[in-house]
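Colleague: Residues per chain are reported as follows:
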Amino acid sequence: MKTIRIGSGAGYGGDRLEPALVLMEKGNLDYIIFECLAERTIAIAQAAKLKDPKKGYNELLEYRMDRVLPLCAEKGIKVITNMGAANPESAVRVIKEMAEEKGIKGLKIAAVLGDDIFGSIDQYLDNEILEFKSPLKVLKDKIVSANVYLGSEGIIEALENGADIVVTGRVADPALTLAPLMYEFGWPYEDADHIGKGIMAGHLLECAGQVTGGYYADPGFKEVPDPWNLGFPIAEVSETGEVVITKVEGTGGLVTTSTCTEQLIYEIHDPSAYITPDGIADYTGVVMESAGKDRVYITGATGKIKPETLKVSIGYKDSFIGEGEISYGGSNAFEKAKLAGEIVSKRLKATACKITEFKVDYIGVNSLYGDYISSALLGEKPQVSEVRLHVAGRTDSREEAVKIANEVEALYTNGPTGGGGATKSVKEVVAVASIFVPREAVKVSVVYEEV
Amino acid sequence: MKLKEIAHSRTGDKGNISNISLIAYDKADYEKLLAGATAERVKSWFKDIVQGEVVRYELPNLGALNFVMYDALGGGVTRSLSLDKHGKSLSAALLEMEI
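Chains A and B are the protein sequences, given in the same order.
Following our numbering, the numbering of the first sequence begins with 1 at its first residue and continues without gaps.
Following our numbering, the numbering of the second sequence begins with 1 at its first residue and continues without gaps.
Mixed in with the good hints, there may be bad ones.
Said to hold, decoys possible - No farther apart than 30 Å at their CA atoms in a straight line, the calculated lysine-lysine pairs in the DSSO-like style are these:
#1 A:Lys105 <-> A:Lys54
#2 A:Lys317 <-> B:Lys4
#3 A:Lys359 <-> B:Lys27
#4 B:Lys27 <-> A:Lys381
#5 B:Lys14 <-> A:Lys443
#6 A:Lys424 <-> B:Lys88
Calculated from the structure, these hints are not laboratory results.
Put together the whole structure using the sequences plus the hints.
Modeller: Below you can see the structure in the form of structure tokens.
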């Protein structure tokens, strides 16, 4: 029975490169994927593209390709990645130039286009925003990007036309894995159960080290061997859709039914309906069993036919955040930090700073969980040797945000005794909202470069 | 007992929604999770954090539960004022809950 081996070389845009190189050298791979787009990444990349039309792809593209290209050519491993971000066409030109400089020949490099619908966003202004149930037009003048979550079709077309490297913008993360499976095994979209199994394989791979122990260690409860030498995952997928998750022998980390279960459930919401553009996966029948050291055998995913609408991620200019931090020590640290927080809050009121949302946290006491859970863990009078005040406020203008940041810094000479290590920052917030558009309105195309 | 004695957990996020898994180390303890970690109890435990509803999904094959917590991340990772904008650390808080 035909089996395909797919490695996962990145789980986020800034991920480490070394485990991907180990996979390519020793993993006996057919494909390697690099998943590099978070929810907001494309909106930020669009800003980079506006400044320089040649940019807007993943910032580590050149760093990664410098090492990946020779291995791709030498081992014949196909590379599939969404590192194109806001500019896949420019990304493939960069890759072509790098290949030429290295004297690499015989590679076909594809860019999948069609996810960027910013130019036609005006026709969707009446569509409802998923997150706040109002029409898109409420954001009209603030929108900076609009990208459809594409499915596998463009990647499959590229593979059918002989591409060795496929670079996309926004595609659903599991599509990076599902596409080569559909291409290799000839699974049609109507075969919803196989599509569901392929989505599951993609979902297990898309966060790279998160399934091999890279987000798992809890000393005394969950031990991870040699986490410094973490190996990234390989999925062995058969043409009947059976999946084995494993990693390269000799690398650190671990693959167990526990690590695979954490990743399977990660961010899926309803396990009977994990919705992607290629199909709706159902994980409720999934069964996992150990198949030896660092090998887990996974079956039982099913699926339903792909949805009629596609999700669009809209980046928009939302607000500004001004924030600052300062630390206090000693057995009275929490009391001093609370006084400092009160001083900043009163000063911002007194100077009529225009703030739409405001938050004061005490790092070391309640910054992660708020008061209820924190006091259940620490008691009403927490005994800590240091506390760091964190103040953050949302404003409509940069000038007002600067006032918040400055008031925290000013605690150095206008606050309680012994405050140290003050930091401040002001940033513009590009937020993300979603709408749905009809599938027929989205036109996917593929362009190629060759060396 | 605390959930951490019999289970492990991971948090993910989509927009302003937090998604926390709860997985029994030993499938024999799944019934304890089912009885002790109800959606109501989890919502009450996270009352400072979760403004919306909590929905629980059951995965008996895997000995796991999945909690989807709405309006839980201060507007979501792209605009939250929190230090942990993804709410990644909420998994550890769930494991501290007594059942």
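Colleague: All hints are to be evaluated individually against the structure, with a verdict given for each.
Modeller: Okay, the hints, checked on the actual structure:
| no. | hint | verdict |
| --- | --- | --- |
| 1 | A:Lys105 <-> A:Lys54 | 24 Å, holds |
| 2 | A:Lys317 <-> B:Lys4 | 41 Å, violated |
| 3 | A:Lys359 <-> B:Lys27 | 41 Å, violated |
| 4 | B:Lys27 <-> A:Lys381 | 38 Å, violated |
| 5 | B:Lys14 <-> A:Lys443 | 26 Å, holds |
| 6 | A:Lys424 <-> B:Lys88 | 23 Å, holds |
Checked against the numbered hints listed earlier, the structure breaks hints 2, 3, 4; every other hint is satisfied.
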